[in-house]
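Combine the two chains into a complex, taking the hints into account.
If you read the sequences in order, they're chains A and B. Just so you know, we're using our numbering here: the first sequence kicks off at 1 and counts up by one. Just so you know, we're using our numbering here: the second sequence kicks off at 1001 and counts up by one.
I should point out that these hints are in silico values taken from the structure, not numbers from a laboratory. Since the structure is predicted, the reported quantities are computational estimates derived from the model, not experimental observations. Just so you know, even glycine gets a beta-carbon here, dropped at the ideal spot from N, CA and C. One or more of the hints may lead you astray.
Chain A residues, not near chain B, derived (Cβ > 10 Å throughout) [as the list claims (entries may be wrong)]:
| id | residue |
| --- | --- |
| 1 | G32 |
| 2 | S585 |
| 3 | L673 |
| 4 | E728 |
| 5 | K816 |
Mimicking DSSO-like on lysine-lysine, the simulated pairs with C-alpha atoms at most 30 Å apart in a straight line are [stated by the list, open to error]:
| id | chain 1 | residue 1 | chain 2 | residue 2 |
| --- | --- | --- | --- | --- |
| 6 | A | K827 | A | K892 |
| 7 | A | K674 | A | K758 |
| 8 | A | K810 | A | K892 |
| 9 | A | K655 | B | K1006 |
| 10 | B | K1006 | B | K1063 |
| 11 | A | K655 | A | K674 |
| 12 | A | K655 | A | K442 |
| 13 | A | K758 | A | K827 |
| 14 | B | K1063 | A | K95 |
| 15 | A | K89 | A | K442 |
| 16 | B | K1006 | A | K442 |
| 17 | A | K27 | A | K95 |
| 18 | B | K1063 | A | K816 |
| 19 | B | K1006 | A | K89 |
| 20 | A | K892 | A | K758 |
| 21 | B | K1006 | A | K95 |
| 22 | A | K442 | A | K95 |
| 23 | A | K816 | A | K758 |
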Amino acid sequence: MLSSQVVIAVSLIYVGLLYSIAWWGDKRARAGRSWVRNPTVYTLSIAVYCTSWTFYGAVGSAARNGLEYLTIYLGPTVIFLGWWFLLRKMLRISKAHRITSIADFISSRYGKSTQLSVLVTLIAVIGTTPYIALQLKAVATSYTVLTVWGSSVSGPFVSTSHIFADSGFWAATGLALFGILFGTRFIDADEHHEGMVAAIAFESLVKLFALLAVGIFVCFFMFSGLGDLFHQASEVPRTASLLKLQPESGTRWFTLMALSMAAILTLPRQFQVIVVENVDERHLATASWAFPAYLLLMNLFVLPIALAGMGLLPDWADPDFFVLSVPLSQGQSLLALVAYVGGLSASTSMVIVAAIALSTMVCNDLVIPALLRLRWLRLTERDDLTGLLLFIRRASIVLVVFMGYIYYRSAGAGDALAEIGLISFAATAQFIPIMVGGLFWKGGTKTGALTGLTAGFAIWAYTLLLPSFADSGWIDPKLITDGAFGHPWLRPEALFGLDHFAPLTHALIWSMALNAGCFIVVSLFTSQGGLERIQATLFVDAFSRKGGETVIWRSSATIDDLYELVERFLGRERAYHAFRDYGTSRHTAWRGKGEANADMIAFSERLLAGSIGAASARVMVSSVAKGEMVSLDEVLEILEETSHVIEHSQRLEQKSRELERAAAELRAANDRLKELDRLKDEFLTMVSHEFRTPLTSIRSFSEILVDTPELEAERTERFLNVIVRESERLTRLIDDHLDLARLEAGHSDWQPGNVDPKAVLRETIDALEGLFNNRDARLMVDIGGDTVNLFVDRDRLTQVFINLLSNAAKFADPDKPEVFVRGATHKDGYLVTISDNGAGIADDEADLIFNKFARGGKYPGDKPRPSGSGLGLAISKHVIEHCHGRIWVESKPGQGATFHVFIPVARSGASAAQ
Amino acid sequence: MTPPAKLTERALVLALTAFLAWVPPLVGVFSLDGAVFGLPVLFVYFFAGWAIFIALCAWITRKLRQSAQQQGDL
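So that you can see chain B by itself, here it is in the shape it has in the complex (with noise of 0.2 Å):
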């Protein structure tokens, strides 16, 4: 089992991830031309991105859940 330590620093890394992902310049980068999927890059890549990391949340959010309560924490 993942220790808890190693969870929560997973959790505050895949916030800080998103809010790096979706405030300029990186946002700038997917402003392209052209389309994926026949839609807008930009369209793609922010609600591709944003179900992955509700994806990865709800994951991640589990296995803390998990851990907490082990301990009975939560």
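Okay, chain A solo, but in the shape it has when bound (with noise of 0.2 Å):
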């Protein structure tokens, strides 16, 4: 036990090291040496989400539940390790369109439409009531817990005494006047506020440093080790439960991960930490990891410290403050004492940034509005506004903070921390469907997202909030029993009958189905106004347009309008910065009754946005620049008009590349063409050598016949013999080559049928004997296999092989020629294998060979190659593919060539006689 002097000295000195901490702040920002602009900051700033709900309800929920309380912080967890898909999208659109509160995103998704954004910050300030009294409530307990343990907490706390006497009020206050002092000392055009996130991330700092402080006490002093905890806590049934999953939190569980993945995106504190205080969008990439783990950490020792607190401490000990009690039923007051700060920051940091948060919101998107719909009022002709504008923030602080405390007063005093935190969490979780739908689908209307967030918000009153009244006795319990007017399918826990889920669940089902059922059917029948549609284009499209500033006024303010309706707003000074620094960075008039252009208009709508909201700025603009808005329509077919200019230059692009293969393909066409061209050069020289040889030698001997009439008769009989001999080979070369000029022609006449290829190789082998014999050639046959039938040209298949063996006979080895043929029926065809041991082939050759009149290059020795048409190899290929077969050949020079037919088995008679 603490005396309360000590305790409140404490809070005071904290408190006071607090105010200077953002007072620094502030001012290294404003001497523009700011060291609040860094990841590490932004990152604890970001931790404001672990309030006093995880400082001490966090054991308490894990005193209950088990390993539960965990879901509350891997549902952030599992949006921060996305954080490239949903919050990069929320940062770049929000500094695009100098977004200051999440009242102000949604309603500029949606048309900058007044509406939406009264709603919002309706539903934002009534749901974060209970949260605020949760804070308070922890404040206030905390405090007794610390002054009076030993004395009895067991009762549920209840402060009946007086309002002065209440910790509780004095923290309130307290914290009012920190929000007062730090939230609204002046308006700023872009809603940065560094000296607060410098005192935020500092309580960050110091309430994981708590935790850990008491989480490390509780193993390491008190137990040996984390094991030797556990292991005590699995003897004893009501603590070893805790460490498995409870049987029946399946849906809870399910339901609380996806509570708190919504919560991390739409409680108005982490909109504010997140997106509007974001100074550069590189922080948030180490956020991504940094945040996650300041969540492990802070969660760490939360699961030991209750099974600690639930093993030593007596029944009546309140499980939700046993990171103060267990360390003080140790007596370490002092270790009391820091728990006891951590949990004060905890509970100060949340209180803080939502009170300047919601105050954004209802002096943008409340207050304003109606002032300004109060023509009376004259708002539009006051000299200096910036007075009355940090006016209504203060109030509203104030009143944003003591509508938690009224709260706390008299319905919060009863249940645990957790579950008041939860109400809040559905509240703003109504949010969702509009704003990550909006995100990503342009056909969401104005009037869809108001009937869904409607719908949705209606049913969280009736489901969650009304029930938590009647527990509190604000209403007649009759209705959560019977339902309203009697009728038991109006139960507020049990809608429609649905009575098998908790009551969270239970309005979390309905409520979400309703809403985003609302929204998306709505969506779908209604259409949008004409700034609905650029709004959404400009959201949903943030990523593919660069600089997506619409310009939507048509000029008819004079500059001196514009600039003196932004003074009233800004503030003399303020004013004045930011028109001379638009006017030297566009190198334009910034001051006189010059006609602003759109862009200068658009500026100052801009400018105002930052302090005033989207949805007044546009209304105050619009009073000043008198002429007629440009018609969106005309607005509307600009940018319809620049997404046909993109898609016509993805379309231009994407020809260009198709032009480019073109050409590529050209190219080689080309390339093949000029080789083709090269071919028939070669052929024709060819052709003609190998006619002019025989034609030569008929020639000479002709004419040595024709000179000399005297020749004897032997000698003449020899040349008649030799111009025989020859006339015979010119009439083969031409007959072979028609043949030929035939068949690549495609005119040659085929009798296909069917055919036994070793009878027609044995055939052709029997022929050939004299030809080898000649030759003292040595012949070596194999032909083996099954018989198989061939649908082929009988004729033109004996040709192939008299060409081939007599080729063999021709190169093998003229010494001791040998030739080896083989014959094989394999499964799908049948395979002839002619070898010689010849000169061989080079490989470069070994395709070659098979064109016209190719022949093998080198023959060896200088000796005189044997003759030939050179066509026999290109007619044999011919036929062999004609019958879809393959002829190849393989070789090593010096060993001889081995030449490779096969030919299929025809899958049908008609295709092989094609």
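The structure is reproduced here in structure tokens:
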């Protein structure tokens, strides 16, 4: 037990320290030497997510439901792991549009709608109230636990004491004061509160340190390590059950995960620190893993503390405050005080940021639009409105904090911390369909968003808020048990008879289904206004448009009008700086009676949006810019035209790529043509050469015969024999050539039939026996295998075999010629292999020799190459390919050549005949 | 260098995997008696898994930033 004086003194010193840090942070920021603008501080400021609900409530929740408390931190971890898809887009859009709050964000998406921003603000304020109450309750209870430990704190803590004796009241007052001092010192054009961020980051360090300190004390000083603690806990049935999944927690687990994922995006204070206070998108990249790491550390000792508390403390001790009572029970007053300061920092940071975020919304989206409607106030004609704005914000902060206090005093005292927090989560989760839907679906309309949000919120209020009021006796509990007007199907916790679920899950199922359902269906049946369509496009295509500013004003205001308007809301100095900078950067006039161009009007609207929200800024600027706005349809046309241009250029790009590809193909075709041309020339040269040799021979012998009639008969006969032989050779050449030409042109007559290749091969070998005998060639034949029928032209096949065999005989080693013929039946065709032991063929000629007139280039030893037309292999190739077969050669120079012919069994007679 | 499209796909799969790993029914699979390193199985499953996801996220994020910087997108 600590004396209340000590606790109060420590609290005051701590809050004083916070003030100094915030003041110092602001001072550095104003001097342009901010140390707040770095990823670590940004990450720590996001850790405002861990409030006293975490600091105290997580332990309580772990003591009741085991590891289920983790869901509240695993959800945000999932969102941050996927930062690239959702958070980055929100950030990019908010920077481009100078978004200052979540209400601003949502209303901007749906055409800067005032109705929507009002509705979002109301929901945010109502939804956050229980959450603020939770923090005040935590401060008050922790104070009580610390000061009266040992006397009973078993009963629910209801502050029946006089309001000025209530520590919650003083906490609320102090926090409101802090919020006023650092949230509204001036109206900033982009709503950055660097001093506040510095203080929040510091508080995040304090609460982490405090919780770790308690955790380490419990695990390593009270027990000999985590293992020991868990071992002891597993031996007591009550605590052992907490180490495993609770049997009935399936749907609740899922619900809590979904809720916490939504909460990190939609809680106004999270939106404030993640999106609005962000100064550099790169900080988000660091936070993507650093914030989950913070959450992990924060939660590491929660379950151990809970288990230790359950094992050691009497039953009446409130598990929500084990963080304090466990050290106290061990006589560690100092550690308990450290823990108390940690809890205080967790509570205060939440209340401060929430109050500032909500006051921005209340001022920009609730009060200013209302005041603008009251024409008798002549707001648009007042000189300086900065004072009024500041007053509204300060009043809003007080209002927000004390709404929380009232809820705490009257309704929130009985529940566990976590349950109060979840009511808040469920309220702000209603923003998810229109927020996430609006980021990725252009079709969502304002009417759809309004309907969905209203339906979802109504269900939330009926199924969650009403029962909590009934619990605290504000309304008749009969409503809960019997249903509205006595209709059982209207029971708030079992709507339409759906009574299998816990109240929270039940509320979420109905509200989300109705919310998203109405949003989608109504959107599909309503149409968007012009501005809505523009904003939808800008939001959804945030990454594909660079610098996507739309200028939608047609000039008709003077520059001075605009200047004065901005001056009224931003103050003399800030307006001066903003306009001067704008003028210098665009090289344009920024004071005077001249007409402002559209860009300047848009600039002014953005400036105003930064301090009074998009919807109000729009109204204010239109009050000055007297002329017509460019008709929205016109703007839309421009936008659509831009899309067309982008699309068009993309198509052009694609076309040029196609052209390039076509050009490459053409080049390749051209190269091939050139090669063919060269081959043709070569062919002609060869043909001429081949024809000339016998012709020359014939001519020269004829001339000799003509010139020398006195030649003896024997020589005459020899010469005539040569002439006949050469003529025959010439005829054979011409025949072969004609044959090949017919084959190539496809004019050849084919007479296919069922042929046994073995028989053909045997007959051919017999016919060529004389040839082999002449050369003393050794012929080895091995024609094995089963009989197979091929559907080919028998004569042509014989031609091929004759050609290959005579070639082999010709090219075999002249000294000791050997030829080896093999035939083998394969399962799908017949393979003939004919080898010789001659000089062989070089690798690079293996394919060439099947060309017309090509021959093995080098014949060894300068021996005269065997004569031949040079067309035999070309004809053979044509024939074999005509039968869908294959002919190829394998050879190593000096080791002979092996020709292979493979003819497949035709699938059907017809295909072979073709 | 890994193409950006592949990196973003990895980032998406990481987040989806984390979600699936942390909701029933998968959570129930690890709700076992006994101990790993002297600690309850479920406790180790959550905290070790959490640390691994954080490390993977840091790694993918670094790559994403590098590729985004090259395109001048971040």
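Hints, verified against the model:
no.	hint	in the structure
1	G32	holds (24 Å)
2	S585	holds (21 Å)
3	L673	holds (38 Å)
4	E728	holds (70 Å)
5	K816	holds (64 Å)
6	A/K827 / A/K892	holds (29 Å)
7	A/K674 / A/K758	violated (43 Å)
8	A/K810 / A/K892	holds (17 Å)
9	A/K655 / B/K1006	holds (26 Å)
10	B/K1006 / B/K1063	holds (11 Å)
11	A/K655 / A/K674	holds (28 Å)
12	A/K655 / A/K442	holds (29 Å)
13	A/K758 / A/K827	holds (15 Å)
14	B/K1063 / A/K95	holds (24 Å)
15	A/K89 / A/K442	holds (15 Å)
16	B/K1006 / A/K442	holds (26 Å)
17	A/K27 / A/K95	holds (24 Å)
18	B/K1063 / A/K816	violated (72 Å)
19	B/K1006 / A/K89	holds (19 Å)
20	A/K892 / A/K758	holds (28 Å)
21	B/K1006 / A/K95	holds (27 Å)
22	A/K442 / A/K95	holds (20 Å)
23	A/K816 / A/K758	holds (27 Å)
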